[in-house]
Amino acid sequence: MKIIRENFNSIQEMLKILNERKNNNVMIDEFSSQKKDSPDWYGTNSYEEAEELITNGYIEILDKIKAGIKFDASENSKIVPENNVFGYIPNVPNAMMNLPKSMIYAKRIPRKINTVDLVYCPVGAAFTEPQEFIDNGIKVLNVINSLEKNNIRVSLKVALKCSECGNEVTLATVTLKNFKEKLNLQKICFPIAHPSMLRRFGFKWLETTPELTNPLWTGGYGRTTTNYPETKKIIFGLTDIENLNEEQIISRFIKRM
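Residue 136 in the UniProt record's numbering sits at position 136 of the sequence shown; the count goes up by one each step and never skips.
In short, the hints are calculated from the structure, not lab data.
Yeah, the Cβ is synthetic: ideal placement off N, Cα and C, and Gly gets one too.
Some hints could be false.
[Claimed, not checked] Pairs of lysine to any residue residues, derived as SDA-like cross-links and limited to a Cα-Cα distance of at most 20 Å, are as follows:
(1) Lys107 / Asp117
(2) Lys64 / Glu13
(3) Lys16 / Leu176
(4) Lys233 / Asp117
(5) Lys233 / Gln186
(6) Lys22 / Met1
(7) Lys180 / Val169
(8) Lys35 / Gly220
(9) Lys177 / Lys187
(10) Lys22 / Ile11
(11) Lys180 / Ile234
(12) Lys182 / Ile152
(13) Lys187 / Ile59
(14) Lys64 / Asp135
(15) Lys2 / Asn24
(16) Lys139 / Glu60
(17) Lys35 / Ile59
(18) Lys187 / Gln131
(19) Lys22 / Pro215
[Unchecked claim] Using C-beta positions, here's what the derived DEER-type ranges look like:
(20) Asp63 / Lys16: 27 to 33 Å
(21) Gln248 / Asn151: 54 to 60 Å
(22) Asn84 / Ile113: 23 to 29 Å
(23) Glu242 / Gln34: 27 to 33 Å
(24) Met96 / Lys182: 38 to 44 Å
(25) Lys2 / Lys149: 36 to 42 Å
(26) Asn167 / Thr115: 29 to 35 Å
(27) Glu82 / Asn151: 39 to 45 Å
(28) Ala125 / Tyr105: 55 to 61 Å
(29) Asn25 / Glu52: 46 to 52 Å
(30) Glu13 / Glu82: 32 to 38 Å
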């Protein structure tokens, strides 16, 4: 089994590389990423429109996403008041006794936190409706929020293509959030909840990745998979979670809690 992997460190890097590469030898005559028919299926009228949305922010569903997210993430540190020579408010009894530590200082104590690597594959079959991408994207964001509320910091990658065909398996990902970053909904909405992440950029990646050799990829662009047993990252797909709530997703996939 040949595994073809590629990770982009940012959306900008992904777009730059995809747009610079020519089609590989297998997909040399395939341009499904560029087609302008079936805009409802793609979610965009063109590849260029998808570029604009992912670059400038996909705000059309932002209110739906916000309405579905239960934000309550805790801070990485707790605040403990203590007496000090400087601070934000006087400690009157200490000051009356001329003690040097006559100010109350807010001391931040870092909390011990765990980390987890998540890879979400928002990829589905041809009959997957756009609303399914949105609904499951909301679930993923709530999972991240729930984990971080419990001091488990999340590194999030989204797969633009995780598929298999014959003896070849692909996993193309882009980093959306590292352990230290907070959720940026405007940045994350498109890659996590828009069908063009797969049907434009995922297809474009498959058409251009130079390692592809199996000619059968041209017959449908492969079959979705999340079976990567050798990876240490937690990988789950749209179809894996469509019938699960956030608690069930955590129970099933997040083994490090």
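So which hints don't hold here, by number, going up? 1, 2, 5, 6, 7, 17, 21, 27, 29, 30
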